[in-house]
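Chains A and B are the protein sequences, given in the same order. Just so we're aligned: 1044 in this note's numbering is position 153 of the first sequence, and the numbers increase by one with no gaps anywhere. Just so we're aligned: 133 in this note's numbering is position 127 of the second sequence, and the numbers increase by one with no gaps anywhere.
Keep in mind that the hints were calculated from the coordinates and are not lab data. Glycine included, each C-beta is placed from N, C-alpha and C at the ideal position. A couple of the hints might just be wrong.
Partial list, computed: chain B residues near chain A (C-beta under 10 Å) [as the list claims (entries may be wrong)]:
1. 144
2. 175
3. 197
4. 199
5. 201
6. 221
7. 225
8. 250
9. 251
10. 297
11. 305
12. 310
13. 364
14. 365
15. 366
16. 368
Reference listing, derived: stretches of chain A covered by chain B, where coverage requires no fewer than 3 residues with Cβ under 8 Å from a Cβ of chain B [stated by the list, open to error]:
17. 1560 to 1568
18. 1578 to 1584
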Amino acid sequence: MNSEEPTLLKHKFVFIPLTHRPILLWTSKPVPLLTAGLYLAPFFLNTHLPSAHGSSSCLSIIMSIRSPHSCRAFICHIVCGTRTNGLSPIPNFGSIAQFTIPAISGLSILTKCGLLCIFVSGSMLVHYHIHTHGSHKYSSHCLDFTGAIATTDKNKQVLDKLQVERERGITVKAQTASLFYKYQGQTYLLNLIDTPGHVDFSYEVSRSISACQGVLLIVDANQGIQAQTVANFYLAFEAQLTIIPVINKIDLKNADPERVEKQIEKVFDIPTEECIRISAKLGTNVEQVLQEVVKRLPPPTFKKEDPFKALVFDSNFDHYRGVVANIALFGGYLSKGDRIISAYLGKSYEVNELGLLRPDEHPTDRLYAGQVGYVIAGMKEVKEAQIGDTLYHQKHLVEALPGFKPAKAMVFAGMYPMDQSDYSALRSAVEKLTLNDSSVTVQRDSSLALGAGWRLGFLGLLHMEVFNQRLEQEYNASVIVTAPTVPYKAILSSAKLIKEHGKEEITIVNPAQFPDRSVVKEYLEPMVMGTIITPDDYIGKIMSICLNRRAVQKNMVYIDDHRVMMKYLFPLNEIVVDFYDLLKSMSSGYASFDYEDAGYQPAHVIKMDILLNGKPVEELTTIVHKDRAYSAGKAMCERLQDAIPRQMFEIAVQAAIGSKVIARETIKAYKKNVLAKCYGGDITRKMKLLKKQAEGKKKMRYIGTVQVPKDAFINVLKRKDK
Amino acid sequence: YIPRSDNQDVMLECLQRETETLLKLSQVSRITSVFFGGGTPSLARPSTIAAVLETVARHAGLSEEAEVTLEVNPTPVGSSKLEDFLHAGVNRFSIGVQSLRDDDLKVLGRDHNSQHALQTVVEARRLCPGRVSVDVMFGRPGQCVASWELELDELLSVCDDHVSLYQLTLERGTQLFRQVQKGQLSVPSDDITAVMYDSARRILQKRGYLQYEVSNFARNGAISQHNMSYWKASQYLGVGPGAHGRFVPRGEGDVCREARTQTLEPDVWLREVQQRSHGTRRRIPSPTWDCELEEVLVMGLRLIDGITHQHWQLFSPRADLYQILSSSSEVQDLQQTGLLILDDRGLRCSWQGLALLDSMLPTLLLLLEAYITQGLQEQQARGPIGDQRHGGQRVSKPG
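In isolation and in its complexed conformation, chain A is listed as follows (with noise of 0.2 Å):
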């Protein structure tokens, strides 16, 4: 019975949620622990780590930290210590390993439900009995330890380690841990996979779920249904996996979970009674859940005797050992030293390292089927190992999971080094941030205004957002970034043009490259569905809005008495500017919006000119649809006027389209610029200041003989501040 390997009887999967409060799922109490505003909740799990040596025995603690700044984080420690007579009680402080998973926030603007993914297996542990110690004995030494340790300064640091996530409070790359459960006398192994929740990440989120099998579907009870939600439900929907509806923060004043259960049985079809009703913060009814996920979801059916097959769902890199693979697998088991083919590049590995991630790494020798793991086997660059690849035994071919593809940029934006001599520090921080992101695409590109940089390609805003944010804050790169675009398609007519490409459709990330008119059949924007729930107050504003940026709506339906969800389809152009910034402030913040791919669409679209003085500006071209070329070049127009310094001569700074203007607006020349006072004491002021002009106009861009600053430029092209 003391198999070193846990046979797997049963697997199942949840989501959890995690709110605004840190929780812990397990407990009952939350125990004040410092003044700091720091809830304790101890959870203890007694359990045998499957080893090779079968005589460690691991100690999970978990609790969760609130810090005083609202940063949530679970923090689970892992005591490990050496099984002698039954289990020891709490080992040595020194061997404590601690990690966090930063938890999903329900305060965060764009994600306002999170999916925290529990990949439950049963395994044999049930055998073993090692649950010998009363559990409030433990308590107490846990409580002493975690209050030692939530002052250290380590623990500041891990809980500090990604400041996007905790600023933002969302989750950007995905966590994984294992933990136990005991339920009927059975251990059931959990995996949990805490992905991120906004709809950007939605490739990373469906390769998650396909890992696994069932999800929680986390609804507030003071807000209901927002946008992501419904994005998120029918990612799983389409992953045909159990979905167990939890309306959280019903402790909250104005929750109102009876409303949000009719919300939830209206827009996706669940009954009522399947929802269940918990607050995180104060433990209340969480047990349930995991009995819920126990009882619900159907048991993976992987078998360790089928050939090795697994899904690489994350994957980091990290400096000394290389990429880093999470993977779930499916069929099988893998060993270190197995060579491994990645499926989509066909390349062979072999394995170094493995093990399991709880959710720190605890390597191990083998990895089963029905577990989650990690694997290190010499890939150089995280495209190695590509999220929703498939890996398996090279002796042993199988076939690829479906639903892989590698991602696909949607928003491109142009990013320079605010001073030039800042190029190559930019630059290695900008490839150690991909090293950890292989969605970004990186193309070199040069600015006659902005010098050299890049064009860098996202899979939606906040993505693009949180990769800023992340070069300025962890690598304290001071950057420019233009606003953002949208990649268009043309389809070519001319023959000569397509035998050039090799192709009839070409895709036109930078406006530089786009062909003209006459050697094109039509050309395609991308377009998006967006979905927005909203307050019925607003709906007049936000229909009105919807229209001036050409969407078409879709559906609207009422989901309770006063809040309707909306679809509409909209030219991805039109919204990845401000649209989101805008809906949120006519509606109060009320609005919640999310999106998913179209596909493309036929549309007029043309490329504009800015001339200075008749003089083309060749880093201000842009591609605009035609309805809209007005305004744009209006509005591109008055920014210049108001960022060209007048000069001694006017300016006329237009909008063309080919050969026709179609805005104007018009610096006008200084007619007096002298220093009226300059005796002995203002000479040396004088001198200065024009030395710095004359060093200033060095860097001057000329259109022409205007001189452009490169101040005007970074106005123009950067994305307004919010």
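The hints should help you fit chain B onto chain A, whose structure is shown.
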């Protein structure tokens, strides 16, 4: 430069001492002009002025014709002392009238009114006929072109032979600056002040005042000799707290003109002079062709006559203005648009060009810089050069 001070005896002693030190250092043999300005020198005792002038005369020649100007605030007190100043050796008065509108004078923070101003001008003209200068200011809050023209006409009918024309500049940290920032006051726009400047130049010309510098106008040849020395990059000593000077410290064996700034804070300056006989805070040696040439260019172009080839030759024996400037397309543009003139006389601004001088200077400075760098490279290619170069150095501050 004589600032306001309570302990005038100590101040006088220090002014004399610093004058003496710097005169010795410069080894100048003849002083052609003295200017008492900055702050309110007319508050000083006439005996102080006399004593300083005496010190100058003792250590260097001070001829009978030397121009000795005193800046005067047109308050009744100042006006009553003019005669005493005349006896102390002052032979030219520069009167800060600024405006004839009493409300504006209040806004500008002046403690005189138009009545006092007119009286002071009359008194000064009585004492020094033909040697009185009047300062006027335009671009004041709420001013319009028509009222400015009227005011200038009114003022010119009492003026003597010299007028200095200034535009109000808002200095950060002043009350006026804050009021304008907050929108409590509004100053005329750039376009309006451009018209004001232009119309003032025309009115002055009609009245017989010839412009000889961006903001200076003279009738009957009453050009200020002292100020000319700034624009012609001559030597001048700066004495007193915060004073600036440019001279060759021959006493130290130097051959280059050096920019010197005296300590700004009067108390500290007094202590330094008492301890070291001078309060020089900063010295920047200007090697013969670098900053020096730039200053010659920038200052020289402020003059209506610009920079003559002969004048340029004094500072730049190796390269004339044609060599440095004429090949540039930007300069050619400026010449074609009639803003800048480069001919056999030298380099100068046209009538319109003078009003746009500060827009042209960066271009010219860059060309000069390019020429200098090129010259240096050629020299380095040819081998080491004879003249010694100095880095900037600071005079250490006493504890």
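Evaluation of the provided hints:
1. 144: Result: holds, 9 Å to nearest chain A Cβ.
2. 175: holds (7 Å)
3. 197: holds (6 Å)
4. 199: holds (7 Å)
5. 201: holds (7 Å)
6. 221: holds (5 Å)
7. 225: violated (20 Å)
8. 250: With a minimum Cβ separation of about 5 Å from chain A (threshold 10 Å), the hint on residue 250 of chain B holds.
9. 251: holds (7 Å)
10. 297: Given a least distance of 7 Å, the restraint on residue 297 of chain B holds.
11. 305: holds (7 Å)
12. 310: violated (13 Å)
13. 364: Status holds, d = 5 Å.
14. 365: Given a least distance of 5 Å, the restraint on residue 365 of chain B holds.
15. 366: holds (8 Å)
16. 368: holds (4 Å)
17. 1560 to 1568: Held - the region 1560 to 1568 of chain A has 8 residues with a Cβ nearer than 8 Å to chain B, which meets the minimum of three.
18. 1578 to 1584: holds (count 4)
The structure shown violates the earlier hints numbered 7, 12.
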